[in-house]
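Participant: Okay, here's what each chain looks like letter by letter:
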Amino acid sequence: MVRLVTHNLLACHVKGCTTNNFPLAFQDVQIELQEAEFNPEFVKNLIPRLEWGALADAAKQVGDTSLPPEEPDMMDDDLLQKLHHVLLEIHVIEGAMVCPNCKHVYPISNGIPNMLLAEHEIG
Amino acid sequence: MIPTPDLSHLTQTDFVHVYEPAEDTFLLLDALEQEADELKKHPPLICLEIGSGSGCVSAFLGTILGPSVAIHLSTDINQHASSCTLATGRQNKIIIDPVTCSLAQPLLTRLTRSVDILLFNPPYVPTDTEEASIAQGGGGIAGAWAGGASGMEITDRFLKDVDGLLSDRGKLYLVALKQNDVSGICSRMLTEFNLQSKIVIQRRAGREHLFIIRFSRPNRCS
Ligand SMILES: C[S@@+](CC[C@H](N)C(=O)[O-])C[C@H]1O[C@@H](n2cnc3c(N)ncnc32)[C@H](O)[C@@H]1O
Ligand SMILES: [Zn+2]
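Residue numbers (the working numbering), protein chains in the order written: chain V, 136 to 258; chain A, 14 to 235.
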């Protein structure tokens, strides 16, 4: 499933595409919401691993505007809940992700991103 | 005893395309079970399995750790394997996030020194180079075993990425065959990357003598 946590960890890896290759932009996406158990500690632990701006922007692209555009200094329970929802409950099931730099298109089908590259595209 | 993941949702047709769990898989499960207490003492946050196949190993790790405590990412060059992995996660109530790609390619940038548990049961059977490279390009069942020279061509490529991926307390569990030259792998990882190794478990299964090697940064674990 391309949950937004996964999206936040993927970058374009086409040969030579090493700057501005993250975050990938969503294109023509279909989403599905699936409830996940809320564990505030877990969500809190994930924060240092995230690019907040990329996450807030990705959420906006799939129609969720609940996160502030910049990482807030204080994390209250309400915000952790929202973060939990955005990171772990929104699943992109169809569509594509496009590299902002080289425009390579990575398709998503049945919830699985296809990030395979052809031989000549590999660094 | 931690139950072996339920794979009853997969059929023999799936196993035409996707590696069916075998002795190597089960040895890796046994190694993880042996390490279960240690793993739970310092719960990992980010787990990544390369070449997840049926998804059996990631689902097992998820069961050890419990729900909603870790992210389970997986990769495979075989699209059928990615689908099976997703389904196996669901069947066992573990959320696995599969990505179809080679090794950890699209994750390397963002997961720099972030992976707490890294798993790889690679294609380790010695074949000629051409056979391995066709299998890699094909994304089919041959990619599950064809390992090229010494069975190490795919594993060697992966081993170059390990130091970049492992967190300070990160551990890699790697399946290897005796013919892969286990002590050679260990000494290369030590001299090139200062990663320590330990044989967690080994077993003879038919003609194969299999090892599970654990790699970690120095002074982190016994
Ligand atoms: C021996 S099977 C192990 C499958 C499963 N993890 C298990 O233990 O049963 C090796 C798996 O690695 C995958 N694989 C081979 N080359 C790969 C590569 N370059 N990147 C990612 N996965 C790869 C194969 O498609 C296959 O699913
Ligand atoms: Zn790119």
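It is worth saying that the hints were derived from the structure and are not from the lab.
Hints may be right or wrong, so weigh each one.
To be verified - Short, incomplete list of chain V residues facing chain A, as computed with Cβ under 7 Å:
#	residue
1	L145
2	S201
3	I247
Stated by the list, open to error - Label pairs and their computed distance ranges (CB to CB):
#	chain 1	residue 1	chain 2	residue 2	range
4	A	I15	V	I182	41 to 51 Å
5	A	D50	V	E167	14 to 24 Å
6	A	V29	V	E170	48 to 58 Å
7	A	S146	V	E172	37 to 47 Å
8	A	S200	V	Q162	30 to 40 Å
For each residue, glycine too, the CB sits at the ideal point set by N, CA and C.
Participant: Look at each hint and say if it fits the structure.
Facilitator: Going down the list of hints, with the structure as the test:
1. L145: It holds, given that the least Cβ distance between V:L145 and chain A is near 5 Å, below 7 Å.
2. S201: It is violated, given that the least Cβ distance between V:S201 and chain A is near 20 Å, above 7 Å.
3. I247: Holds, about 5 Å.
4. A:I15 <-> V:I182: 41 to 51 Å: 30 Å, violated
5. A:D50 <-> V:E167: 14 to 24 Å: Given range 14 to 24 Å: violated, Cβ gap about 37 Å.
6. A:V29 <-> V:E170: 48 to 58 Å: 34 Å, violated
7. A:S146 <-> V:E172: 37 to 47 Å: 43 Å, holds
8. A:S200 <-> V:Q162: 30 to 40 Å: Once the Cβ atoms are compared, 47 Å apart, the range 30 to 40 Å for V:Q162 and A:S200 is violated.
This entry does not satisfy hints 2, 4, 5, 6 and 8, going by the numbered hints stated previously.
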